[in-house]
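Asks: Chain by chain, the residues run as shown.
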Amino acid sequence: MSDAVATAHGIVKRFAKDGAPALDDVAIIITPGRMTGLVGPDGAGKTTLIRILAGLIVPDQGETAILGRSATTADRSMIGYMPQRFGLYEDLTVIQNLKLYADLRGLPADERQAGFDKLLDFTDLKRFQDRLAGKLSGGMKQKLGVACALVRTPKLLLLDEPSVGVDPVSRRELWAMVKELAGEQVAVLWSTSYLDEAEQCDTVLLLNEGKCLYSGPPAALTDTVKDRIVRVFVPEDGRRVALRKALDMKSVEDGVVQGASVRLMLRDDAGQPSASQLGMPDGAEVRSARPRFEDAFIDLLGGGPPGSSALARDYREIPANDRPAIEAKGLTKRFGDFTAAEDISFSVGRGQVFGLLGPNGAGKSTTFKMLCGLLTPSGGSGSVAGFDLRKAKADARQSLGYMAQKFSLYGDLSVQQNLNFFAGAYGLVGPDARAAIERVTEVFHLDKYRNDNAGGIPLGYKQRLALACAVMHQPPVLFLDEPTSGVDPIVRREFWTHINGLVERSVTVLVTTHFMEEAEYCDRVTLIYRARQIATGTPDELKAKAGKDDATMEDAFIALIKASQDDTARKAA
Amino acid sequence: MSAAFDPRRMRAMLAKEFTQIARDPSTLLIAFVLPILLIFLFGYGVNLDTARTSIALSRQDDGEAARSLAGAFQQSRWFDVREVGTIGSLKTALIAGKVRGIVVIPDGFSRAAAAGGGDIQVITDGSMPNSAGFVSGYADGVRATWAAGRAAERGERPRGGPAIDVDNRYWFNPALASRYFLVPGAIAIVMTMIGSLLTALVIAREWERGTMEAIMATPIGMGEFMISKVIPYFVLGIGSMTVCTVLAIGVFGVPLRGSPLALLAIASAFLVPALGLGLLISAATKNQFVASQIALLTAFLPGLLLSGFLFEIGSMPGWVQAITYLVPARYLIPPLETVFVAGDNWRLFLPNIGALLGFGAVFFTLAIRVNRRRIA
Numbered sequence: 000m001s002d003a004v005a006t007a008h009g010i011v012k013r014f015a016k017d018g019a020p021a022l023d024d025v026a027i028i029i030t031p032g033r034m035t036g037l038v039g040p041d042g043a044g045k046t047t048l049i050r051i052l053a054g055l056i057v058p059d060q061g062e063t064a065i066l067g068r069s070a071t072t073a074d075r076s077m078i079g080y081m082p083q084r085f086g087l088y089e090d091l092t093v094i095q096n097l098k099l100y101a102d103l104r105g106l107p108a109d110e111r112q113a114g115f116d117k118l119l120d121f122t123d124l125k126r127f128q129d130r131l132a133g134k135l136s137g138g139m140k141q142k143l144g145v146a147c148a149l150v151r152t153p154k155l156l157l158l159d160e161p162s163v164g165v166d167p168v169s170r171r172e173l174w175a176m177v178k179e180l181a182g183e184q185v186a187v188l189w190s191t192s193y194l195d196e197a198e199q200c201d202t203v204l205l206l207n208e209g210k211c212l213y214s215g216p217p218a219a220l221t222d223t224v225k226d227r228i229v230r231v232f233v234p235e236d237g238r239r240v241a242l243r244k245a246l247d248m249k250s251v252e253d254g255v256v257q258g259a260s261v262r263l264m265l266r267d268d269a270g271q272p273s274a275s276q277l278g279m280p281d282g283a284e285v286r287s288a289r290p291r292f293e294d295a296f297i298d299l300l301g302g303g304p305p306g307s308s309a310l311a312r313d314y315r316e317i318p319a320n321d322r323p324a325i326e327a328k329g330l331t332k333r334f335g336d337f338t339a340a341e342d343i344s345f346s347v348g349r350g351q352v353f354g355l356l357g358p359n360g361a362g363k364s365t366t367f368k369m370l371c372g373l374l375t376p377s378g379g380s381g382s383v384a385g386f387d388l389r390k391a392k393a394d395a396r397q398s399l400g401y402m403a404q405k406f407s408l409y410g411d412l413s414v415q416q417n418l419n420f421f422a423g424a425y426g427l428v429g430p431d432a433r434a435a436i437e438r439v440t441e442v443f444h445l446d447k448y449r450n451d452n453a454g455g456i457p458l459g460y461k462q463r464l465a466l467a468c469a470v471m472h473q474p475p476v477l478f479l480d481e482p483t484s485g486v487d488p489i490v491r492r493e494f495w496t497h498i499n500g501l502v503e504r505s506v507t508v509l510v511t512t513h514f515m516e517e518a519e520y521c522d523r524v525t526l527i528y529r530a531r532q533i534a535t536g537t538p539d540e541l542k543a544k545a546g547k548d549d550a551t552m553e554d555a556f557i558a559l560i561k562a563s564q565d566d567t568a569r570k571a572a
Numbered sequence: 000m001s002a003a004f005d006p007r008r009m010r011a012m013l014a015k016e017f018t019q020i021a022r023d024p025s026t027l028l029i030a031f032v033l034p035i036l037l038i039f040l041f042g043y044g045v046n047l048d049t050a051r052t053s054i055a056l057s058r059q060d061d062g063e064a065a066r067s068l069a070g071a072f073q074q075s076r077w078f079d080v081r082e083v084g085t086i087g088s089l090k091t092a093l094i095a096g097k098v099r100g101i102v103v104i105p106d107g108f109s110r111a112a113a114a115g116g117g118d119i120q121v122i123t124d125g126s127m128p129n130s131a132g133f134v135s136g137y138a139d140g141v142r143a144t145w146a147a148g149r150a151a152e153r154g155e156r157p158r159g160g161p162a163i164d165v166d167n168r169y170w171f172n173p174a175l176a177s178r179y180f181l182v183p184g185a186i187a188i189v190m191t192m193i194g195s196l197l198t199a200l201v202i203a204r205e206w207e208r209g210t211m212e213a214i215m216a217t218p219i220g221m222g223e224f225m226i227s228k229v230i231p232y233f234v235l236g237i238g239s240m241t242v243c244t245v246l247a248i249g250v251f252g253v254p255l256r257g258s259p260l261a262l263l264a265i266a267s268a269f270l271v272p273a274l275g276l277g278l279l280i281s282a283a284t285k286n287q288f289v290a291s292q293i294a295l296l297t298a299f300l301p302g303l304l305l306s307g308f309l310f311e312i313g314s315m316p317g318w319v320q321a322i323t324y325l326v327p328a329r330y331l332i333p334p335l336e337t338v339f340v341a342g343d344n345w346r347l348f349l350p351n352i353g354a355l356l357g358f359g360a361v362f363f364t365l366a367i368r369v370n371r372r373r374i375a
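Chains V and G, in that order, are what the protein sequence lines are.
Read in order, the letters of the first sequence correspond to residues 0 to 572 in numbering that gives the first Met the number 0.
Read in order, the letters of the second sequence correspond to residues 0 to 375 in numbering that gives the first Met the number 0.
Isolated chain V (complex conformation):
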């Protein structure tokens, strides 16, 4: 295209001489007035490509042309760039941040006031313009970061994961804001690991492990799997078994739990099989469904993992117990005058998956840490596997497996050493420990990285190792904090295959996530927003509250947030 603002061809970048390239022969064309999506899981090479376009990294091979010059010599006043973590000075106020970037980009003095007013209006930050940037909520920081990148209308706008971790309302607002402000003149590159965001872009570049899998309009890729997606409605308590059976069939390429149904992607040549051909119980209803970008991505990667979990096969059956496996009663945590979690109550029965859903900073992890005995509640009580948190912290902890956010592994210990350590930490010794370590090493294919430092192995393997460490002692309860954040969809599928398998063994699972899609795997979900529970129910019940057909969990969340805000406003009035 002749009007391209930025192009790159044949980009190769290696960070370690003998390691795999971070980018391998990647090309991109960014044109004005369009949203170009840079899509892929963490570690795919998105940030490296953006930094190359911003002239901050020089590629080993390949050419860049930004506004007619190479990236390192391009006119930077015409490039708006927002790095991850937004690039804001947290000890400066909103308006000071804007002024700084306006001066650095050379915004003419006579355009300043009008420009600031417009941006502050759009971001709804006018009221907060004298607040320190560090004191803004995550969503507001992101808007301010984008505002700083747009302070002098650029020709090229580079946004590195602008929407990660914020609530879906802020995500949609941010998207609308960028579209509106960028208008017809600006070429926008929007990087994301959310595949649903990719569907809304005008054109996408799909990266995986440094290689370009697809480049073009997202719909064209999604179309490659149309007519191959079906939803099978089965009795609710049978969906996990149904998914396992279906995934083990040759004709099924991929599948997930979606509320009360199982959503499957069939192989190209599978035709339209009946419920019984898919291993489903008689009377299960098969309906065709709309394909998603993620389906096509998985298709490109050669399909999802099989349905049976080797981990679950060897796992002990958790004995029955009449008490709920996890219980929270009015759990509250205050830090000074800040309430991080307020009056959180729920109860999870044995063999159930319960989800805490909400944006970053909502209070999920706080609730989690109280239930693990890592934080002492300011009020309320809780129990895990029958052990009261206040009285029997150690017993409660011994009976759960905890997989912390960002995988709490020792990065400078090898995979084997991490396994040894966690086996010991959970009280496994001697032959028991060795057997447990061998078992998880085999199940999670950790053998090839056994002697590598955990910090250096691919993200997907870190995630597997973290789960391995949490389940070695075969606990009856599993706590998973943002377990699949940033990993590619195949790894996420594989992860949930294991979890589903463990649940069949009556393991109880508490999971936090800000991925709305992940909530579909849960039996019940509670939505947490600004420290409070705003709704609890099965995924289907919550989706029904969104008030439209085929609603996603995200729609449900947005509707419920609005309802709770209206409610608060009514009470205040």
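If you are wondering where the hints come from, they were derived from the structure by calculation, not from laboratory data.
Take the hints with a grain of salt, since some may be wrong.
What the hints assert, rightly or not - Capping the alpha-carbon separation at 25 Å, the derived lysine to any residue pairs in SDA-like fashion look like this:
| # | chain 1 | residue 1 | chain 2 | residue 2 |
| --- | --- | --- | --- | --- |
| 1 | V | Lys249 | V | Gly237 |
| 2 | V | Lys140 | V | Asp195 |
| 3 | V | Lys140 | G | Asp23 |
| 4 | V | Lys140 | G | Lys285 |
| 5 | V | Lys154 | G | Met221 |
| 6 | V | Lys98 | G | Met221 |
| 7 | V | Lys544 | V | Lys249 |
| 8 | V | Lys544 | V | Arg230 |
| 9 | G | Lys90 | G | Ile122 |
| 10 | G | Lys285 | V | Arg289 |
Got chain V sorted already, so can you dock chain G onto it with the hints?
Replies: For chain G alone, kept in the frame of chain V given last:
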């Protein structure tokens, strides 16, 4: 990259930097509270003078001379005689560290003294060599003074006494008050902290928080960026040097015999390599923890140990002396001490200032080379 220097960007960055300094309590702590703390610490706490060392006395002779000498020890302004008794009982006091030495006036001392001799024994704790040296030296002094006094009373020169008397006069610091040279040292420490440690930390922090990345993607030149870091911390360094000086003069009566202008010139010259090193460290590490470790090892410790501030360079082994030539603080301490206790001596100042600026040039050149507009 923007080739032209743009005063507007520069101003914006400077304003940002000063705002951040004003809002960062840790920076103000290092710049203003630390100097006050150091000056008071050095003024009151760390005192390298020997004032009244605790000793024990064992007098084994009952004669008049022995009692008179014992009295001389009791009266001495250098000693605090804590215990008197037999050696056996005093040994435990020495071992327990209650006293730093035992002075023994042996049996037969009075007879020997009458004959013009008379030795005493001094037992010291060799595990504390400084104190041991002081005790034995000063004990000898007390005995010699006592002997001279007795001789004078009798109107004769002591036999075997020195024919030539050495009369010590300490110029510039007649009382040999250590705070006179500790104050310049405190100034050196504070300026090293601000110039190297603080500067290294603030730039490393920009890397860690991701603001560096955002800044580098704007048209700002790396020169502008570095100047915007250098000027505020230069001002801060001079500011806290002033705090040190005013306190030292006002509270502890340290003289400033040279001109304030000379002091300013010397301090400014030292800040050039200090800031250069800070920039170099942060550009090379991009991590606050590593930056602070390296700043401590390369700037702070050499400034403390190898600058001649605590340990005299002349009494170091030859190879250590050679190393001190690479420590910028070495060129700061002599002119700083001179400007405080002696006065302006530009023939001493100028070569040192030249050396400091030379180091500064090297560090800045390296920092500019390392601090490229690149992430990886």
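Asks: Each of the hints needs a verdict: does it hold here or not?
Replies: Structure-based check of each hint:
Pair hint Lys249/V plus Gly237/V holds up; C-alpha atoms about 20 Å apart against a cutoff of 25 Å. About 22 Å separates the Cα atoms of Lys140/V and Asp195/V, which keeps this hinted pair within 25 Å; it holds. Note on Lys140/V and Asp23/G: the hinted pairing holds, with a Cα-Cα distance of about 20 Å set against a maximum of 25 Å. The straight-line distance between the Cα atoms of Lys140/V and Lys285/G is roughly 24 Å, inside the 25 Å bound, and the hint therefore holds.
Under the criterion of a C-alpha separation no larger than 25 Å, the hint pairing Lys154/V with Met221/G is consistent with the structure, at around 23 Å. Straight-line distance between C-alpha atoms of Lys98/V and Met221/G comes to about 20 Å, which keeps the hinted pair within the 25 Å bound. At roughly 37 Å between alpha-carbon atoms, Lys544/V and Lys249/V are farther apart than 25 Å, so this suggested pair is violated. For the hint pairing Lys544/V with Arg230/V, the CA-to-CA distance comes to about 21 Å; that is within 25 Å, so the pair holds.
With a C-alpha separation of about 9 Å, the suggested pairing of Lys90/G with Ile122/G holds against the 25 Å cut-off. Restraint check: the Cα-Cα separation between Lys285/G and Arg289/V comes to about 48 Å, which exceeds 25 Å; the hinted pair is violated.
The structure fails to meet hints 7, 10 from the earlier list, while all remaining hints are met.
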